[in-house]
Amino acid sequence: MDVLVCVKRVPVTGGRISLTDDEQDIDTRYLGFTVSPHEECAVEEAVRLVEAHGGSTTVLTLGPAVAEEQLRDAMAMGANRAILIEAEGPEWDGGATAGAIARVIAGDRDAGAAYDLLLFGNESADAGGYQVGIRVANLLDMPCVTGVKHLEIRDGRAEARREGPGGIEIFEVPLPAVITVKEGINLPRYPSIPGRLRAKKAPVERLHLEAPQPGLEKVRMRLPQGRDKQVEILGDGAVGIERAVEVLRQIGVMPS
Amino acid sequence: MIVGLVEHDGGVVSEPSLQTLTLGRRLAERHGEPLSALVIGSDAGPLTDGLAAHGVAAVHHAVDDRLDRYAPEAWAACLVELLVRTGPSAVLAAGTDRGNEVMAHVGARTGLPVAANCTEVEPGEPGTPYLVTRLRWGGSLLEDARLHGDVKLLTVAPHALPAEEGPAAGEWSVEEFSPKLKDADFRAQVAREEGRPAGKVSLPEARVVVGGGRGVGSPEGFGPLEELAQLLGGVVGCSRVVTSLGWRPHTDQVGQTGVRIAPDVYIACGISGAIQHMVGAKGAKRILVVNTDPQAPILAHADFAIIGDVQQVVPALVSAVKGAKSR
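Taken in order, these protein sequences are the chains called A and B.
For the first sequence, this note's numbering assigns the number 1 to the initial residue and increments by one for each residue that follows.
For the second sequence, this note's numbering assigns the number 1001 to the initial residue and increments by one for each residue that follows.
Careful, some of the hints might be misleading.
[Claimed, not checked] Pairs of lysine-lysine residues, derived as BS3-like cross-links and limited to a Cα-Cα distance of at most 27 Å, are as follows:
id : chain 1 : residue 1 : chain 2 : residue 2
1  : B       : Lys1285   : B       : Lys1322
2  : B       : Lys1285   : B       : Lys1182
3  : B       : Lys1322   : B       : Lys1200
4  : B       : Lys1282   : A       : Lys218
5  : B       : Lys1200   : B       : Lys1285
6  : A       : Lys229    : B       : Lys1325
7  : B       : Lys1200   : A       : Lys149
8  : B       : Lys1325   : B       : Lys1285
9  : A       : Lys229    : B       : Lys1322
10 : B       : Lys1325   : B       : Lys1200
11 : A       : Lys149    : B       : Lys1282
[To be verified] Estimated spans, in silico, between C-beta atoms of each pair:
id : chain 1 : residue 1 : chain 2 : residue 2 : range
12 : A       : Ser18     : B       : Glu1015   : 31 to 39 Å
13 : B       : Pro1162   : A       : Ser18     : 29 to 37 Å
14 : A       : Leu187    : B       : Glu1171   : 51 to 59 Å
15 : B       : Gly1217   : A       : Pro203    : 40 to 48 Å
16 : A       : Phe33     : B       : Thr1292   : 40 to 48 Å
17 : A       : Phe33     : B       : Pro1219   : 23 to 31 Å
18 : B       : Pro1219   : A       : Asp27     : 19 to 27 Å
19 : A       : Glu159    : B       : Gly1217   : 33 to 41 Å
20 : B       : Asp1309   : A       : Pro174    : 48 to 56 Å
21 : B       : Glu1165   : A       : Pro174    : 25 to 33 Å
22 : B       : Arg1109   : A       : Arg103    : 15 to 23 Å
23 : A       : Glu51     : B       : Ala1320   : 44 to 52 Å
24 : A       : Gly54     : B       : Asp1183   : 26 to 34 Å
Simulated from the structure, these hints should not be mistaken for laboratory data.
The beta-carbon is built from N, C-alpha and C at its ideal position, and this holds for glycine as well.
Let's have the full structure, built from the sequences with the hints guiding it.
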């Protein structure tokens, strides 16, 4: 089966976020970048499915030219082919992103390379729009299950499980389908050294698309008001322990 | 008109949906328009009356046997049909898994943009974009954005505002309708459900959570944390590093890509305090930190801290709690 997985380049934020002076972005001068967490699991799921069923994994991203780095990360994990839709400038909203991705997929399909399965992350770590996978499914007229934590493919159908309000919800959809996954569906592998070396030299197909007019237009970002907290250091060693027990008693969680 | 999508479970409206109606009512008042609600499925009948107290003037109740099992596209089709028929200025849903999912389908079907997880909405003059504030990075960052479109589609971040009852609408109606649904609207539908295992306290509901990070040192290092949690009637959680290392299952992960907790006290052991983790612990009433590093970012979120090595402090704390109990 041929699987396409879409990923997004996001900064590794660590313990504190600071913004650029124009308030348009996170200040990433001292930060590394990674594949958004749900999508890293989507790549792992794609590679596992192809290992089990045969076929190939294509990884696609829409982002700046340097997002090539995240495509190579995905290839180091086992993806066979990489496509970069170069989109410089202001952030693309969910509708524009989905439109571009759907166009590339439809182009591949018309060229005789149709995908059986499209995998996305449930939502990106940074923008959190919760819509790109769903919009792509609608544009390509495919069924879509979101938030998937367990996926099985058999007889041209996908059985997808996710957490619902009252328990585990189980969906069964025919392929081709769009599945958006959540972290926890698997534990992504650590790329091997040969995998990394192969990925370094592998070709990346590039496309340039003009940014459409955004429907959701970022004005600025800001940090939420923090809780003004003063930490009380209880101490170290035996004194700290004794005071901690007193704190737990005051909170009312000590066993009686 | 402003339309709010109402989610319910067994005839009870979900809290995030009531919060959504509260925001919807404020928008309706600003626009001088009525607030209406869409409820879906035959089991939604009993809850329609209660919505009047939230300022809903018209309840649209979509009824079709096939709607009894959740199908995101069918829900979206109901909402789009209502949208086309009544031409509202805005459609709102809760920023829950279902709310965000249905609204994205509505956006796709109508070609309209969607703003997910809004905390504030400033409608401005009729026909102009809304100025919305929405959550990014799971809530550790806010974005102010202009939301365009003839009909504004947005979801409301859960717990961004309290649900308030409002002046009941003067005239009040409930309209049942049979939406025009196609078979394709049901190609993705819940085929069956499995209940959660009963008995065990779940992480989101626990009054006490004992969390462990890389500082715990090993999977075995969680033994004393388990013991402490059990003594205090709580459960164990962990950071993303711990699940990535394979020390604990992902279901234990507290954070942006894991579980949101809201305990009376969160005892965070050997956790540095990455934003991705702290987003999940935002609901904790008190945070007690055990960490060797007094400069760790988590101290900025903590109420109390013991400076020391988890592997020594936690067993000592276990003994002290046992000792205090037996006295």
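Evaluation of the provided hints:
1. This hinted pair checks out: B/Lys1285 and B/Lys1322 have alpha carbons roughly 24 Å apart, not beyond 27 Å.
2. Distance restraint check for B/Lys1285 and B/Lys1182: the Cα-Cα separation of roughly 48 Å exceeds the 27 Å cut-off, and the hinted pair is therefore not satisfied.
3. Restraint check: the Cα-Cα separation between B/Lys1322 and B/Lys1200 comes to about 22 Å, which is no more than 27 Å; the hinted pair holds.
4. Taking the CA atoms of B/Lys1282 and A/Lys218, the gap is about 25 Å. The hint holds against a cut of 27 Å.
5. Restraint check for B/Lys1200 and B/Lys1285: the C-alpha separation of about 22 Å stays at or below 27 Å, so the hint holds.
6. With a CA separation close to 30 Å, the supplied pair A/Lys229 and B/Lys1325 exceeds the 27 Å bound.
7. Between B/Lys1200 and A/Lys149, the direct Cα distance comes to roughly 21 Å. Compliance with the 27 Å bound is thereby established for this hinted pair.
8. Annotation: proposed proximity of B/Lys1325 to B/Lys1285 holds, straight-line Cα distance about 24 Å (limit 27 Å).
9. Only pairs whose Cα atoms come within 27 Å are accepted, and A/Lys229 paired with B/Lys1322 is rejected, the gap being roughly 30 Å.
10. Straight-line distance between C-alpha atoms of B/Lys1325 and B/Lys1200 comes to about 23 Å, which keeps the hinted pair within the 27 Å bound.
11. Simply put, A/Lys149 and B/Lys1282 have alpha-carbon atoms about 24 Å apart, close enough for the 27 Å limit, and the pair holds.
12. At about 34 Å, the beta-carbon gap between A/Ser18 and B/Glu1015 stays in the expected band of 31 to 39 Å.
13. Distance hint for B/Pro1162 and A/Ser18: a CB-CB separation of about 31 Å, consistent with the stated range 29 to 37 Å.
14. At roughly 57 Å, the beta carbons of A/Leu187 and B/Glu1171 sit within the given window of 51 to 59 Å.
15. Taken as a hint, the range 40 to 48 Å holds for the pair B/Gly1217 and A/Pro203, whose Cβ atoms sit roughly 43 Å apart.
16. At roughly 29 Å, the beta-carbon separation of A/Phe33 and B/Thr1292 lies outside the given 40 to 48 Å, and the hint is violated.
17. In this structure, A/Phe33 and B/Pro1219 meet the distance hint of 23 to 31 Å, their C-beta atoms being roughly 30 Å apart.
18. Look at B/Pro1219 against A/Asp27: about 36 Å separates their beta carbons, and that is not inside 19 to 27 Å.
19. In this structure the supplied range 33 to 41 Å holds for A/Glu159 paired with B/Gly1217, their Cβ-Cβ distance being about 38 Å.
20. Our hint of 48 to 56 Å for B/Asp1309 and A/Pro174 holds, since their Cβ atoms are close to 55 Å apart.
21. The hint said 25 to 33 Å for the Cβ distance between B/Glu1165 and A/Pro174, and at roughly 45 Å that hint is violated.
22. For B/Arg1109 paired with A/Arg103, a C-beta distance near 18 Å keeps the hint of 15 to 23 Å intact.
23. At roughly 50 Å, the beta carbons of A/Glu51 and B/Ala1320 sit within the given window of 44 to 52 Å.
24. At about 32 Å, the CB distance of A/Gly54 to B/Asp1183 agrees with the hint of 26 to 34 Å.
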